[in-house]
Every structure is written in structure tokens, then in C-alpha cells.
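**Student:** Each chain, letter by letter, is given below.
Number of protein chains: 2
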Amino acid sequence: MTDSRLDALPTPCLLVDEARMVRNIDRLADRAAHLGVTLRPHLKTTKSVDAARLTLTGGTGPATVSTLAEAEVFARAGITDILYAVGISPDKLDRVVALHRAGCTLTVLLDNAEQARAVAETSKASGLKLPALIEIDCDGHRSGLTSDDPALIEVGRILHDGGADLRGVLCHAGDSYAAVGHAAHAECAEQERQAVVNAANVLRDAGLPCPVVSVGSTPTAHAAQDLTGVTELRAGVYAMFDLFMTGIEVCDVDDIALSVLTTVIGHQKARGWTICDAGWMAMSRDRGTAAQRVDQGYGVVCDADGRVIPGLIVTQTNQEHGVIARRPDYTGDIPDFPVGTKLRILPNHACATGAQHGQYHVIPKNTDAALKVWPRFGGW
Amino acid sequence: MTDSRLDALPTPCLLVDEARMVRNIDRLADRAAHLGVTLRPHLKTTKSVDAARLTLTGGTGPATVSTLAEAEVFARAGITDILYAVGISPDKLDRVVALHRAGCTLTVLLDNAEQARAVAETSKASGLKLPALIEIDCDGHRSGLTSDDPALIEVGRILHDGGADLRGVLCHAGDSYAAVGHAAHAECAEQERQAVVNAANVLRDAGLPCPVVSVGSTPTAHAAQDLTGVTELRAGVYAMFDLFMTGIEVCDVDDIALSVLTTVIGHQKARGWTICDAGWMAMSRDRGTAAQRVDQGYGVVCDADGRVIPGLIVTQTNQEHGVIARRPDYTGDIPDFPVGTKLRILPNHACATGAQHGQYHVIPKNTDAALKVWPRFGGW
Numbered sequence: 007m008t009d010s011r012l013d014a015l016p017t018p019c020l021l022v023d024e025a026r027m028v029r030n031i032d033r034l035a036d037r038a039a040h041l042g043v044t045l046r047p048h049l050k051t052t053k054s055v056d057a058a059r060l061t062l063t064g065g066t067g068p069a070t071v072s073t074l075a076e077a078e079v080f081a082r083a084g085i086t087d088i089l090y091a092v093g094i095s096p097d098k099l100d101r102v103v104a105l106h107r108a109g110c111t112l113t114v115l116l117d118n119a120e121q122a123r124a125v126a127e128t129s130k131a132s133g134l135k136l137p138a139l140i141e142i143d144c145d146g147h148r149s150g151l152t153s154d155d156p157a158l159i160e161v162g163r164i165l166h167d168g169g170a171d172l173r174g175v176l177c178h179a180g181d182s183y184a185a186v187g188h189a190a191h192a193e194c195a196e197q198e199r200q201a202v203v204n205a206a207n208v209l210r211d212a213g214l215p216c217p218v219v220s221v222g223s224t225p226t227a228h229a230a231q232d233l234t235g236v237t238e239l240r241a242g243v244y245a246m247f248d249l250f251m252t253g254i255e256v257c258d259v260d261d262i263a264l265s266v267l268t269t270v271i272g273h274q275k276a277r278g279w280t281i282c283d284a285g286w287m288a289m290s291r292d293r294g295t296a297a298q299r300v301d302q303g304y305g306v307v308c309d310a311d312g313r314v315i316p317g318l319i320v321t322q323t324n325q326e327h328g329v330i331a332r333r334p335d336y337t338g339d340i341p342d343f344p345v346g347t348k349l350r351i352l353p354n355h356a357c358a359t360g361a362q363h364g365q366y367h368v369i370p371k372n373t374d375a376a377l378k379v380w381p382r383f384g385g386w
Numbered sequence: 007m008t009d010s011r012l013d014a015l016p017t018p019c020l021l022v023d024e025a026r027m028v029r030n031i032d033r034l035a036d037r038a039a040h041l042g043v044t045l046r047p048h049l050k051t052t053k054s055v056d057a058a059r060l061t062l063t064g065g066t067g068p069a070t071v072s073t074l075a076e077a078e079v080f081a082r083a084g085i086t087d088i089l090y091a092v093g094i095s096p097d098k099l100d101r102v103v104a105l106h107r108a109g110c111t112l113t114v115l116l117d118n119a120e121q122a123r124a125v126a127e128t129s130k131a132s133g134l135k136l137p138a139l140i141e142i143d144c145d146g147h148r149s150g151l152t153s154d155d156p157a158l159i160e161v162g163r164i165l166h167d168g169g170a171d172l173r174g175v176l177c178h179a180g181d182s183y184a185a186v187g188h189a190a191h192a193e194c195a196e197q198e199r200q201a202v203v204n205a206a207n208v209l210r211d212a213g214l215p216c217p218v219v220s221v222g223s224t225p226t227a228h229a230a231q232d233l234t235g236v237t238e239l240r241a242g243v244y245a246m247f248d249l250f251m252t253g254i255e256v257c258d259v260d261d262i263a264l265s266v267l268t269t270v271i272g273h274q275k276a277r278g279w280t281i282c283d284a285g286w287m288a289m290s291r292d293r294g295t296a297a298q299r300v301d302q303g304y305g306v307v308c309d310a311d312g313r314v315i316p317g318l319i320v321t322q323t324n325q326e327h328g329v330i331a332r333r334p335d336y337t338g339d340i341p342d343f344p345v346g347t348k349l350r351i352l353p354n355h356a357c358a359t360g361a362q363h364g365q366y367h368v369i370p371k372n373t374d375a376a377l378k379v380w381p382r383f384g385g386w
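Line order of the protein sequences matches chains A and B. Residues in the first sequence are numbered consecutively from 7, following my numbering. Residues in the second sequence are numbered consecutively from 7, following my numbering.
In case anyone wonders, no lab produced these hints; they're calculated from the structure. Only a predicted model underlies this, so the values are computations on that prediction, with no experimental measurement involved. Note that CB positions come from ideal geometry on N, CA and C, so glycine has one too. Mixed in with the good hints, there may be bad ones.
What the hints assert, rightly or not - Restraint-style ranges between C-beta atoms, simulated for each label pair:
| # | chain 1 | residue 1 | chain 2 | residue 2 | range |
| --- | --- | --- | --- | --- | --- |
| 1 | B | 146 | A | 300 | 24 to 34 Å |
| 2 | A | 36 | B | 376 | 53 to 63 Å |
| 3 | B | 11 | A | 109 | 26 to 36 Å |
| 4 | B | 82 | A | 373 | 34 to 44 Å |
| 5 | A | 296 | B | 187 | 22 to 32 Å |
| 6 | A | 232 | B | 11 | 45 to 55 Å |
| 7 | A | 186 | B | 296 | 17 to 27 Å |
| 8 | B | 309 | A | 375 | 35 to 45 Å |
| 9 | B | 187 | A | 299 | 32 to 42 Å |
Can you make the complete structure from the sequences, with help from the hints?
**Tutor:** This is the structure in C-alpha cells:
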């Protein structure tokens with residue numbers, strides 16, 4: 007029996023299963039409590055004040071963001087302890103100062119002397135001791151200094167001696183996304199912990215302050231066995247989960263809270279294709295599962311109630327067309343989908359699919375209640 | 007000398023080189039005039055009323071769209087002859103009727119009897135003869151009926167006899183994107199023309215009306231040698247162009263009017279990486295050039311004035327980080343980019359990169375004038 011509340015929704019559109027989302031949020035909150043660290047959820051996945059209320063401790067607790075636009079929106083919503091976890095560019099510091107003046111404690115991130123000098127100079131010029139973390143590299147994934155790099159102490163001194171508030175160190179085990187399974191992620195988590203704790207000790211041994219020791223990625227956050235020396239844990243996509251996270255065994259398909267509702271608009275029966283109105287504009291161009299053991303195409307096909315239909319994925323997309331077809335290795339029966347049939351597609355990557363949409367349609371935990379709409383924002 | 011007008015822009019942001027855009031628009035308008043067909047530009051690439059004014063004949067001339075949201079925005083802006091070139095789903099017909107009642111002649115597209123019956127029934131129920139085109143398949147790319155499919159006449163009769171306005175046939179040579187070079191695209195264009203002209207003749211031989219014979223894709227529109235029997239030409243990405251179109255030789259790199267302005271935020275010098283603030287959120291996840299002869303990564307790196315810097319592409323992206331590095335085969339020198347340096351990245355796919363942004367910053371044709379802002383919209 008199809009949920010009649012979905013009938014009135016224009017397709018394609020973004021659906022959230024609130025019960026699953028709450029379960030995902032509670033799962034990581036329990037882990038953080040058990041590990042004895044503060045949870046600082048990353049809001050870049052959901053970019054929604056309503057979703058943030060559900061995700062953050064007490065509705066306004068510590069948060070992580072990926073853009074200043076996020077910081078500005080969430081600060082206006084009363085979320086005032088925010089970490090901007092992308093290396094600061096000097097010309098963005100005027101907006102950082104404006105956020106502080108508006109009552110938001112925004113911590114910036116950096117990994118080089120040029121950034122540190124800019125933050126120190128802006129601290130002096132503004133009369134604000136801008137809080138900053140130094141990014142540590144644990145796996146060669148992207149940014150950050152290794153704990154044995156002499157630049158670590160140099161950057162720390164520029165900040166501390168220059169009038170900024172050196173708050174500590176941060177690490178993101180980006181390579182954990184390429185590892186599969188709990189044991190592998192636990193190893194990545196320990197590598198992440200060691201790198202950042204070592205860096206904290208280097209700063210402290212040099213007489214510099216380092217109260218914050220921050221780690222996190224969704225895979226390591228769910229696998230860490232011990233976070234001794236760490237003060238806070240970050241993760242983002244876990245609130246929604248997606249097929250990529252299923253592929254590396256951080257969650258099950260039934261944990262994925264985000265989907266795209268679509269309508270069948272035609273067929274190419276000779277080719278076994280069903281054409282639907284969820285193209286890449288609705289799904290995003292993310293093909294993150296392409297290199298995984300199971301390539302999920304542009305997404306896994308479910309019925310309108312969210313039950314996976316065996317053997318079917320979105321095999322190709324154009325801007326506003328999705329082609330639903332059989333997985334290469336599937337030999338079972340495939341149902342017919344008359345024109346007008348509603349289906350749901352589970353996405354490869356919740357951050358990327360979410361970003362294609364201006365709002366969520368939320369299926370509330372209370373299954374009898376009306377659907378809710380959560381506005382979503384983008385931009386920088 | 008860097009254009010100082012760009013200094014105040016927050017990065018990442020979307021730039022349009024208006025002079026290039028006008029040149030691209032004029033190029034295809036001249037071709038359409040020479041070929042003796044009406045040009046019906048596809049507005050799905052730019053999704054902007056300001057861009058539409060520049061692109062459409064007389065500022066409001068015939069247009070193509072990919073979503074009803076586009077039709078609604080453009081109709082409110084006085085663009086009243088619109089083709090919605092994605093197969094209609096029956097539950098969208100109430101919005102089609104509303105557009106007609108608001109004075110917009112919106113033509114729908116379909117390729118099956120279920121859709122045709124829905125359009126005919128809605129025509130009768132509303133008292134409007136809803137105009138419809140039948141989609142023709144010339145290359146097995148996606149949707150459409152072949153001209154020898156008995157369903158073609160069946161669908162035509164359902165529309166015509168059922169009270170809709172059977173306007174004609176439409177074909178999109180989607181496979182032309184996989185062909186390289188003018189001669190290959192000219193062949194695709196002839197295949198597209200023959201398929202749709204044959205289909206028109208099938209309908210006319212059956213006593214059905216077929217005043218409109220519509221073809222188009224950016225590659226075929228730029229290569230067609232003869233459009234006998236065709237009445238209108240569609241294309242979309244040509245107004246901006248992109249690296250994908252460069253890769254199949256429809257345009258030069260210097261024709262690309264769209265770019266993303268970015269700021270350098272750090273380095274991993276041992277790996278030869280420059281980190282910038284244009285991640286996949288700014289560029290999109292589109293990797294359309296991955297399968298071309300030259301893989302352009304996530305984009306080609308230019309200086310702030312738009313001059314290509316030899317040997318550099320965005321090799322990887324995270325949500326808000328881009329990694330700029332050497333092309334695998336490049337052995338020349340690479341300049342240093344201090345933190346704060348502004349660069350421009352040319353995109354793989356203008357439709358996908360544009361969709362990540364809420365506005366264009368336009369460098370006007372008159373090079374002394376101030377930058378303009380063109381709002382951009384999305385959604386369905």
C-alpha cells in the first residue's frame with residue numbers, strides 16, 4: 007500500500023525518512039558519549055536549520071560547517087559554537103569578524119604560515135582573539151601538516167604570539183572512505199587519533215596551548231575503539247547515510263534516510279528501460295559507488311514506500327531523465343511500472359544529492375502525521 | 007594585470023564572460039538563419055531570465071525548457087512560446103493547464119499512448135487544445151519512437167482524435183555527444199533529420215497534422231549541412247560551451263564563457279598540490295571529459311583574467327576543496343600560487359556547474375563597465 011501523502015508531491019523531489027534519520031543521529035550520539043568526547047556534527051550534508059535542530063546536541067550544540075554561508079545561516083538560527091572546517095582564505099576574514107561581532111564563536115582552520123599571519127593580523131586589527139585550529143594530515147589525503155613538520159610549531163607560534171586564540175588541532179581521516187569494513191575503519195580511526203594527539207603534544211611541548219583535539223569522518227567516527235587524548239568528534243553524512251557508506255559497510259541500505267521521489271514517464275521496452283524524471287539534476291552527477299565492489303549506478307530503485315526492488319538501479323542519467331534498468335548480474339523478474347508510477351531512488355552520496363534540491367519533504371516519525379517541509383540552502 | 011573588478015567577489019563563484027557568450031549565441035543564430043529554420047534555444051543550461059533575454063530571438067522568442075519550474079519562471083518574464091522537452095508525466099498536466107491559462111503556449115512532449123491519452127483527456131476536460139510533439143528516436147539514445155513503430159500513428163491519433171493539438175515531431179541526437187569532429191556531427195545531424203522527417207511523413211500519410219519538425223543538440227546544430235523538411239532547431243549548452251564540447255571539437259577552449267572563480271587556500275608542496283576553495287560543490291561532480299581523449303579532471307585552470315595556465319587541471323575535489331595539480335603528461339614549469347591567489351576554472355559541463363550556483367557574476371562586453379549579477383534558479 008503506497009503512502010498517499012506522497013501523491014501530491016511534485017517530482018522529482020527529496021524525501022527524508024525522519025525515523026531513520028533520528029536512529030542514525032542517536033547511534034552516533036551514543037557512541038560519542040560512550041567514547042567520552044563531544045560530538046560536533048557537520049551540517050554540510052543537510053544544510054537545513056530544521057535538520058540541524060534534530061542533529062545537534064540540545065538543538066543548538068556545537069556544529070561544524072563547510073562554508074561561511076552555512077555559518078551565517080546557522081548563527082542567525084542561534085547556533086553559536088561553529089567550526090568552519092575548510093582552510094580559511096585571508097579575504098574571508100572580514101566575514102569571520104562579522105560573525106564574531108554578531109555573537110557567533112566561529113573557529114577557523116588553517117595549515118600554513120600565510121593563513122596564520124592573516125588570522126593573527128585580523129585578530130589584532132579587530133580586537134578579537136579569533137579562535138583557530140591547525141589542520142593535521144594523518145593519511146596524505148588532502149590538507150594539513152604532519153606532526154613532525156617544523157611548520158606546525160611555526161604556525162602555532164604565529165597564531166599564539168600574534169594575538170589569535172590557538173585552540174588546538176584537527177584531523178580528518180579522508181582515506182577512511184577508501185577502506186571497507188569496521189576493522190579497517192577502526193585502524194583509520196587509530197591512525198587519525200595518533201596523528202592528532204602527537205601534534206597536540208608537539209604544540210604543548212613547545213609551550214603552546216592546545217585545549218581542542220578534534221577528529222572525525224563518518225567511517226572513523228563509527229569505528230573508533232578508543233579516543234584517549236581526543237576532545238571532540240566530527241561527522242556529517244551519518245545523519246542521512248547513502249549507498250557509498252553502505253558500500254564500505256558503515257551502514258545498511260535500510261539506514262539510508264534520504265531518497266529522491268520520481269515518476270515514470272516512459273519506456274524503451276526492447277531495451278528493458280524504464281524512463282523516469284529523476285535525472286542527474288535530481289540525483290547529482292556523483293558516481294562514488296562506481297569504484298566500489300557493487301556499482302550502484304546513479305542509485306538503487308525502491309517502491310514509493312521505500313522498499314528496495316531487487317535487481318534495479320538507475321543505470322544512466324541525462325539532465326532530467328533517469329534510465330532504470332536491470333543490474334548487469336541480475337537474472338530475476340522485474341516488475342512493470344506503468345507511466346505515472348512513483349518510485350524512490352536511494353542516492354550514492356547524500357551531500358551531493360541533497361545539494362541539488364531546495365527543500366526536503368519529511369516523512370515524520372509519527373507515521374500518521376502530515377509531511378513536513380524543511381527548507382534547504384546552498385551557496386557560499 | 008588582473009581585473010580588479012573580481013577582487014570583491016566571494017569565492018567560489020560563477021563568472022560569465024559576456025563577450026564570449028554573445029559570440030556563441032550569434033554563431034548559432036547565424037547558422038539557423040542560413041539553414042532556414044527557427045532557433046528555439048534550450049534554457050536549461052543557464053536557468054536565468056537575464057541570460058534568456060540575451061539568448062532568445064528578440065529577447066522573448068521561442069524557447070525550450072527541461073522543467074515546469076523553468077516554464078513558470080520564463081512565462082512570468084513574458085516568454086510565452088515554450089517547449090517542455092522532457093516526456094510529460096500525467097500528474098504534471100495541471101501545471102501545464104495553469105501555464106496555458108496564464109497566457110503561455112506550452113508544448114508538451116511524449117512518446118507513448120498512456121501519455122497521449124492523459125494529454126487528450128486533459129485537453130477535453132480543460133477546454134484547451136494542449137499542443138504536443140511526439141518524440142522520435144534516431145539513435146537509440148534515450149526516449150522516443152522510431153518512424154517505423156506502429157505506435158507512432160497510434161499516439162498521433164490518440165492526440166488528434168482526442169482533442170489535443172498534435173503539433174508534430176521532435177528528435178534529439180543524444181549520441182552526437184559521443185562523436186568527435188565536424189564531419190561526424192554532420193552525419194549525426196543528417197541521421198537526426200532523416201529520422202524526424204520520416205516520422206513527419208508517416209503522420210502526414212496517415213492524415214494527421216505535423217506542422218512542426220524539430221531537431222537539435224549542440225553538436226548537430228553546429229554541423230548540420232542541410233535541414234530540408236525541418237522547421238526548428240534546438241540547442242542549449244552552446245551559449246556557454248564547456249570542456250566537454252571542446253573535447254568533441256564543437257568549440258575552442260577560448261569560446262567557453264563560463265568559469266568558476268576560486269581562491270588558493272593552501273599547498274601540499276611535496277605532492278605538487280595547490281589547494282583551492284572550488285570543490286565539487288562549486289564545480290559539480292560532472293566528469294564528462296573522463297572518457298574523452300583529454301581528461302580534464304574537474305576543470306582547466308586559468309589565471310584570474312581567464313588565460314589558460316598550461317599544464318594545470320583540478321585533479322581531485324572534495325565538497326569544498328579542489329586540488330590543482332599537473333596534468334599527467336605535462337613536463338613544463340608550473341607557477342607558484344601564494345595563498346589568496348585568484349584563479350578561474352573552466353568546467354567540464356556548463357549545465358552541471360551552473361546548477362551548483364545561485365547567481366552569475368557577469369563580466370560585461372563593455373570591459374570598463376561594472377560587473378553585473380544575473381540571478382539563477384533551480385528546482386522543478
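**Student:** State for each hint whether it applies.
**Tutor:** Quick rundown of the hints versus the structure:
1. With their beta carbons about 27 Å apart, residue 146 of chain B and residue 300 of chain A fall inside the hinted range of 24 to 34 Å.
2. A C-beta distance of roughly 54 Å is found between residue 36 of chain A and residue 376 of chain B, which places it inside the suggested range of 53 to 63 Å.
3. Look at residue 11 of chain B against residue 109 of chain A: about 33 Å separates their beta carbons, and that is inside 26 to 36 Å.
4. Roughly 38 Å separates the CB atoms of residue 82 of chain B and residue 373 of chain A, a value that falls within the hinted 34 to 44 Å.
5. For residue 296 of chain A paired with residue 187 of chain B, a C-beta distance near 28 Å keeps the hint of 22 to 32 Å intact.
6. For the pair residue 232 of chain A and residue 11 of chain B, the supplied restraint of 45 to 55 Å holds, since their beta-carbon distance comes to about 53 Å.
7. Take residue 186 of chain A and residue 296 of chain B: their Cβ atoms lie about 23 Å apart, and the range 17 to 27 Å holds.
8. The hinted range of 35 to 45 Å is not satisfied by residue 309 of chain B and residue 375 of chain A, whose Cβ atoms lie roughly 55 Å apart.
9. Taking the beta carbon of each, residue 187 of chain B and residue 299 of chain A are about 38 Å apart, inside 32 to 42 Å as hinted.
Hint check: a violation occurs at hint 8 only; the rest are consistent with the structure.
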